[in-house]
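*Asks:* Just need the whole structure built from these sequences, with the hints factored in.
Number of protein chains: 2
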Amino acid sequence: MKRRGIMFILSSPSGAGKTTLSRLLLQNDPNITMSISYTTRPPRPGEVDGVDYFFVSEKEFEKKADEKYFYEFAEVFGNFYGTPRKRVEEELVAGRDVLFDIDWQGTRRLTAKARDDIVSIFILPPAMDELARRLKARAQDSHDVIEKRMERVRDEISHWDEYDYVVINDSIDYSLQNILYILKAERLKRRRQNSLMEFVGDLLHQRG
Amino acid sequence: MKRRGIMFILSSPSGAGKTTLSRLLLQNDPNITMSISYTTRPPRPGEVDGVDYFFVSEKEFEKKADEKYFYEFAEVFGNFYGTPRKRVEEELVAGRDVLFDIDWQGTRRLTAKARDDIVSIFILPPAMDELARRLKARAQDSHDVIEKRMERVRDEISHWDEYDYVVINDSIDYSLQNILYILKAERLKRRRQNSLMEFVGDLLHQRG
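Protein sequences appear in the order of chains A and B.
Going by the working numbering, the first residue of the first sequence is number 420, and it counts up by one from there.
Going by the working numbering, the first residue of the second sequence is number 420, and it counts up by one from there.
Read the hints as simulated data drawn from the structure, not as lab findings.
It cannot be assumed that every hint is accurate.
Copies of the same chain look alike in the list, so a pair counts if it fits in one copy or across any two.
Result set (DSS-like, lysine-lysine): computed pairs, CA atoms no more than 25 angstroms apart in a straight line [to be verified]:
#1 K421 x K532
#2 K421 x K603
#3 K482 x K532
#4 K532 x K608
#5 K532 x K487
*Replies:* Written as structure tokens, this is what we have:
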């Protein structure tokens, strides 16, 4: 059945497993693709331009923002992040779903623009100690940055109640299954199945 | 996580596989239980009182209706059908889901009373010929009853757009999977997970 794609948002505090879950989701579902954001922050070790982000200068970013290139953009800790509009719209029209790995602020801005296309999931950590351990284990940031990030974790968590679904990430396998259930179920929503009206029209004209 | 149960409605024209799917759903999910309706229609061969329906006299039915025993009730082809309220409410409070095998009229009445608790799925047949064949194969009814029923099938189908989800029953296995996805996803809806507020409160008080 033909349908319009879904804008599928995964948010969580950093360290709660969202990046791993996004990667697994992309591997396990052939019909979802990642929205790659633009950012002015410098790449971290291992990050690849055009895969993790499109890394651009502040000047380039401003130009794109002026040209309405972004669905939404924002500044976080002095860096800019933006969601490009055109590719997303093309995917949705083609009936493919688009995954967004964004924070509560991005979710709010995107939801304000495209509520009907959006399904949002918040990933909660099962406990804070484990999450703090993971953040520290990354070990590429200074103590101050880690502290700042723990503060941001709490802030992010406090917005859990702005999401459609909540998954507690006790285990990656279990959470992945749950996210796949949500995606598969949302595709079956009547209002997303564009071609049903025509299908039923045909059905009612068939002789029994 | 503690949550309130879901009133899970499956509707379809007769012959589209709903009864088989209901049975399989009950077998495949340990947390859902069937709502057994009361009816004044006589049992068909093989139907068991207290399993398929509670078969009662019109007088008994009227008495229960007067006592507000039913969530909703209606007359279909001269027979009365009613959904008992108390057991359903007990199951929901205990966090168990309740399955309703009812038509569009029952769905409307139930939805008017309990929108937030309801998830409704409409099962469509892939084509009419197969459905007509199934109806005739039952062969326990007269030609007139079959004709009347085909008319009712078309009427029922015309209400597909009043449901939350639509599943086209191309294959029983595939449809069962889809229905299970919907059930599992709906359980993850933020607003159904009653104890999340407390869980997050605890989380934010834990030291990182």
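*Asks:* Of all the hints numbered above, which does this structure not satisfy? Sort the numbers upward.
*Replies:* Going through the list in order, the structure violates no hint and respects every one.
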